[in-house]
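S.K.: Each chain is listed here by its residues.
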Amino acid sequence: MGFNTKNIFKPSNTMARFVKIRKEDIGKAPDDMRFRGEQKMDETLIRLVDYDNDKLVEKVVDKIETILENKKTPTVTWLNIDGLHDTDILQEIGVSFDFDKLVLAGIMDTHSRPKINDFGNCILISIKMLQQDEGSGLITVENLSIVLTDTLLLSFQEKRGDVFEPVRERIRNQKKRIRTGATDYLAFALLDIVVDNYIYLVGVLGEKIEMLEETLLQEPRKSIIDEIYTFKREMNFLRKNITPAKEMILALSKLESEFIKESSDIHFKELLNNINQAVDSSETYREILSDQLNIYHTTISSKLNDVMKFLTIFSVIFIPLTFIAGIYGTNFEVLPELKYEYSYFIMWGVMIVLALSMLWYFKKRNWW
Amino acid sequence: MGFNTKNIFKPSNTMARFVKIRKEDIGKAPDDMRFRGEQKMDETLIRLVDYDNDKLVEKVVDKIETILENKKTPTVTWLNIDGLHDTDILQEIGVSFDFDKLVLAGIMDTHSRPKINDFGNCILISIKMLQQDEGSGLITVENLSIVLTDTLLLSFQEKRGDVFEPVRERIRNQKKRIRTGATDYLAFALLDIVVDNYIYLVGVLGEKIEMLEETLLQEPRKSIIDEIYTFKREMNFLRKNITPAKEMILALSKLESEFIKESSDIHFKELLNNINQAVDSSETYREILSDQLNIYHTTISSKLNDVMKFLTIFSVIFIPLTFIAGIYGTNFEVLPELKYEYSYFIMWGVMIVLALSMLWYFKKRNWW
Amino acid sequence: MGFNTKNIFKPSNTMARFVKIRKEDIGKAPDDMRFRGEQKMDETLIRLVDYDNDKLVEKVVDKIETILENKKTPTVTWLNIDGLHDTDILQEIGVSFDFDKLVLAGIMDTHSRPKINDFGNCILISIKMLQQDEGSGLITVENLSIVLTDTLLLSFQEKRGDVFEPVRERIRNQKKRIRTGATDYLAFALLDIVVDNYIYLVGVLGEKIEMLEETLLQEPRKSIIDEIYTFKREMNFLRKNITPAKEMILALSKLESEFIKESSDIHFKELLNNINQAVDSSETYREILSDQLNIYHTTISSKLNDVMKFLTIFSVIFIPLTFIAGIYGTNFEVLPELKYEYSYFIMWGVMIVLALSMLWYFKKRNWW
Amino acid sequence: MGFNTKNIFKPSNTMARFVKIRKEDIGKAPDDMRFRGEQKMDETLIRLVDYDNDKLVEKVVDKIETILENKKTPTVTWLNIDGLHDTDILQEIGVSFDFDKLVLAGIMDTHSRPKINDFGNCILISIKMLQQDEGSGLITVENLSIVLTDTLLLSFQEKRGDVFEPVRERIRNQKKRIRTGATDYLAFALLDIVVDNYIYLVGVLGEKIEMLEETLLQEPRKSIIDEIYTFKREMNFLRKNITPAKEMILALSKLESEFIKESSDIHFKELLNNINQAVDSSETYREILSDQLNIYHTTISSKLNDVMKFLTIFSVIFIPLTFIAGIYGTNFEVLPELKYEYSYFIMWGVMIVLALSMLWYFKKRNWW
Amino acid sequence: MGFNTKNIFKPSNTMARFVKIRKEDIGKAPDDMRFRGEQKMDETLIRLVDYDNDKLVEKVVDKIETILENKKTPTVTWLNIDGLHDTDILQEIGVSFDFDKLVLAGIMDTHSRPKINDFGNCILISIKMLQQDEGSGLITVENLSIVLTDTLLLSFQEKRGDVFEPVRERIRNQKKRIRTGATDYLAFALLDIVVDNYIYLVGVLGEKIEMLEETLLQEPRKSIIDEIYTFKREMNFLRKNITPAKEMILALSKLESEFIKESSDIHFKELLNNINQAVDSSETYREILSDQLNIYHTTISSKLNDVMKFLTIFSVIFIPLTFIAGIYGTNFEVLPELKYEYSYFIMWGVMIVLALSMLWYFKKRNWW
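So the protein sequences, as listed, match chains A, B, C, D and E. Each residue of the first sequence is one higher than the one before, counting from 1 in the numbering used here. Each residue of the second sequence is one higher than the one before, counting from 1 in the numbering used here. Each residue of the third sequence is one higher than the one before, counting from 1 in the numbering used here. Each residue of the fourth sequence is one higher than the one before, counting from 1 in the numbering used here. Each residue of the fifth sequence is one higher than the one before, counting from 1 in the numbering used here.
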């Protein structure tokens, strides 16, 4: 994969990373429908898929009225809405299907925690969708809202994307389970893609972490510490998004609602299993990163110690030699050795023997 | 924002930070109504808002009797009392509405943990309100008590504040949900503001922490450690206030009481979601601070190691050179090299070669 | 407060700190009534308070028989027994009121964990009472046992104390709630004092810890580490006593017994709230102490690094200077510089320039 | 055991260590039967064991039809299928026994977390089988799936293995319990072997860790840190496989299904006990490894400190001696000592006394 | 107590410390009765105590038949079997009392985790018995199994011991509670001794840890680190045995069985309380040991820093002095100071002043 390590995990907007509230938003009504996210596309795109076991209609919707025809039919009607900035369209949808204003406010609150709300005439599911942009390699964070009734499923994305294409493909290909299933199975299929993306992204990041390991053992360059902390922060970011999603899916698998059939239990249990796998993996990588940090510090400090020990031993060997030279540099009138002819050479001999003995001693005591 | 980093998180009184009991207060009766907080305003201000879907009365109340008129009406009566030092007024209110003495004692015990108590004829909710004073930028901690009956909501603040102004605004603007809602919806609206303020303050502090990160990587000045510990302490302070509030809201969302309608469940669940978001955020920043501390220590120690290594290598290079000079400073009568004409220059040559070899060796082994 | 820091937290006997079993006590019967604590007073003192809303009798009891008169009356009879060493008296009480032998054994087992036992005809509550002796400033640990029936409350203390004086005061002062309340309210009142003392002592210790902080930032003297570890141990000691007490109070608030009226729920819930506050506070101080330790280590190591860096730089500056002097101390016959008239002064000049350049360089690279 | 430490814990394929999803697998249908593992054997081997208390048939099955004869009989029919790559065979089995497509997809999803799914007409159990290859000493990770009906048990292994041979042996040897037991007892017997292998492998790794301890205390060679981290990672790997298996077994022991008799409760409880033992052991070794790391660091740093202290003291002793020699190497015209006949020898005497005093002083202060 | 610190906590066999499975034991039947422990005594000893409130029989049993007489009587029959290696005897007992084979296998599996199993016609309780051998001071680990029916209690120990002597004593001494109690009370009495031994041993080890503290503060000798880690490991060993025992006792206190009367609840609750105390204590000592390690490291590093600082300062003072001497050791022809009569003495003066100034400066800046 040809993208840069440093910036692959840049969320689409920094606000999304750690949700912050603007001072002017404190005290807003819970059904206040102002869109406060970042507008991510120009026009709202509404795609309709209407199917049952026998027939399949797929089209792009221009007017909301055309949807209403499908409102009453027993077929599964899946409306995928890309783009949340156009409050009018959302409001029209809300009115058409008789949704509580809170449902719409919930859809537009793109900074909310993953959650599930049962409004009686519909269920609102909200989850963070993490994705890697194919072009730039950037990871984008997007809020996905799913509204579920008995024959209707609305999915709201912040921007156009083909992430649900495999599901459409399965519907087109007459895959029996999805064509005979109800809206709850469709909801499962969509959430399953979101969770698969979690596992995939943890894996992509994990692979980088595993590759780091080898570099770490071979040559711990200084920049590696930055990379470890970057990966740590990114893995934390993934975990912070996945963990509340897990809670939500757990709540979903326990939800008692007429819109979720008992036969879907096994699917939601599987979904829970999958997200648990993502959590497990991210946990494992967190521990690996923590070990890597420790290994780095141990390696660095061990290397430093070796250098300092070498330098110190080197100095220490010269200290008595310099002292001896100092002795014979004194100007005492009576200093017998100075007179002797071979003194100078004897001094050299003594020095060499002394240096070698010290080296041998340090070596023997394994200091070197 | 033009306020000083150091003192933004100074609670209004130090007693409030870590609750302490005075020796003389040990053993006081639970319904003892002495006010033990710090008097934060001169006069008690009572503001009344009385509304239903059709009509709205808003006034400042002078005499308690005027309130009693609203006692029996089916409209929602919201009394906001600023200032808790005047025991007489509180007692009068208590008697008028037939509250248990424990309710009043609970309101005056401004150091208590966030809690919820069902007294049968009313519910007492107590929570810490964290706010940033607009003028000084100081964060103030204040205890908010809410007393709830079917048609009456009393909110008690320690000092005058316009924190609930957005709610009044929504009431005035005929926002349908709040005008048709009962006291439980009003309580939700007030608590929602408190929780929004938590998220806001975590965000304000968080922004400072994120800014620290950049400084940390560029130039880890010494004072940064103080700032990290200051932010750590402040974030802990926020967490210590938010976490028990979360418990309280959880208890509130599970409370079975005639004063809390089933239709409000969805709002209290949303509230729980919001406070969970505040807890998550503060948890994230705590981990970031912990990482920052580690990065600081790594950076500092790495820098120190570089300096010491440089200095040691510098010294080590001179040691054999000084030794050589020492050799030729000896006064042996027979020391052949001294006689040779070019000895001095050869010595210099040897020294330079030696120094360069050492530099090359140290460089090669990557010690430098 | 004029007492010494070091020895304020000396429990009355070291056995009480970490409960140990004597080899000879292994296998004793659970209703074995040998007193194994430390005798803390000479004579057992029995004080009786008998009251209802209308009348109040308060006296010191000499003979157990006099108590039996109060056994049947519907008034609340509170017997406070100070001193547990006199097995005969306790046995007499046990027989008089028809208590199980286990009740008495439980009262005498002063090393037990806080607990609550329902014996059918009575409830036994056991909790650690932490107190600060007013004279010596020493903290004493004492086991408090409360035995509760419908009209009778017996409290057993290891030694004479006026810790429950405020309750007696409230009874005397006709405080309505306590005079109309039953034994369960009295039990709450006594436990409330115990818990208030927890909060008070955590506060006293906490204040010392907060004062440490300032010293720490100004001048981290060596002894501070001892103080931190002392406070850490003491705070742990408090926590180890408070945490099981919290469990006990939680169990008490959930206990279904005819002796504990539903109307007291609110009081026991408040008690739980209070002890949670004590636990929270001690937890906070534990984190503060942990931070203080880290700050101490950072400060100390930073100071050491500064010293070592200064000394190393100082040495490094002289190394090339000494080398130069060494060069001109050699005795080569041909050493042109020696002959030149101003050589000596030039050498000085060179040396000074060299030293200053090095200083400038080190300063520039911010090493100093 | 004659195998190499480094590579004993190499899983059969790296994909199995940390499950990763391929981009193209995102959005696949849950009943999609593509096999995505690594093909570990050429041909699928189906072994049939059919038994009740009286008779026993054991054969290798070529055609699926021959199995169908056993479908209706009340005897326990155990089909062990080695090899999952042949989708046709699996599909045939699925159709023959009327299994949901999800069952087959679950069997082929060899990267899934240990789990248990009740499909109504059968139960699917999935667990990781860890084994040590007898030849190479390598640890292999394999997914084991068990499908359970009232008279039928199918076990699916990724590759041929004789791990269940002891169970076959017990069946052949007329061990009463297994011959009279139903499919649930057989399932227990198989899972018991899997769990026993966990305990065995934790023990094998644990033995190596314990042996490390001795080396650590005697001579902490540098490579030991690599070994500790290798063992740490391997123990983590074991834990990450065992912990979800524990959850699964807990769920199994609580499962209410017609296929699991009440009489088997005691066995599944025992199974839970065993896997708890494995978890406990791995936990213990994790703590031991953590202690070993600390001991290593302490030992290494203590050794370094000793060396540095020795070298420093050595240098320090020569410093004043060299200074004295320097003094008498000055060329002052008036330097009285130089003239005195015994000066040189006195200097030596002074130097020796000085060096010895320093040695004595350092020794006395325990610095050496 | 006159035993050696190092080896007091040597379990009777190393296998018992961390349970390991032998490769050949994988896949054994759960009712396989091979004894896999270490034979700890030659002959199996069976002691019978048969009692009710009125009569008491105590004898050593040779033939199993003699026991069977007591099988039907309503008196409490306590059989204490020391030694588990003789499979025949155990089998005979099993058959006589009609126990499931799993009961016997459970008794012989001396490496199992503490557990409780209800077999319908009996309850099997299994717990680790930790004891200190009076002679050698060694700690022995032994598995205790208790089998309970309505009138029968069998206790199985691995080797002969008089640990239950106090219970026999209480039975002999006509202690009312035990003589009127049923088998469940007897079981409680035996388990109580086991738990008392836990508390006792934690206390014995704890005392050594507390004594360590003083040595630590006075003179941290190097070997202390070994002792701390030894104590750490031993305390962990105790904890690892006590914690699962606590789980077992919790399960026991919640067990609904005809053999455990409601009247015993209070005793099992007390037992739980006691083992909680053991767990608390061990937890406390673990924290103390952790603090001790930190104190040791702080002390050692602080001492090292002092030494290094002293030595560095010592060197630093001589560096400029040696430089000055070097200056006047140069052989420049023109070096005015050399000519001046008092130069030498002035040099000394300057040197002394310089050295003192440096000392004063270092002292002033508190470096020394």
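Please note that the accuracy of each hint is not assured.
[Unchecked claim] So, partial list: chain D residues that the calculated Cβ filter (under 10 Å) puts toward chain E:
1) Ala29
2) Ser257
3) Glu283
4) Arg365
[Claimed, not checked] Here are some chain C residues pointing at chain E (derived, C-beta under 8 Å):
5) Asn117
6) Ile228
7) Tyr229
8) Met308
9) Ser315
10) Leu321
11) Lys339
12) Tyr344
In short, the hints are calculated from the structure, not lab data. This structure is a prediction, so every number in the text was calculated from the model and none was measured. Even for Gly, the Cβ is constructed at its ideal location relative to N, Cα and C.
S.K.: Please write out, lowest number first, the hints stated earlier that are contradicted by the structure.
M.R.: Those not satisfied are hints 1, 2 and 6.
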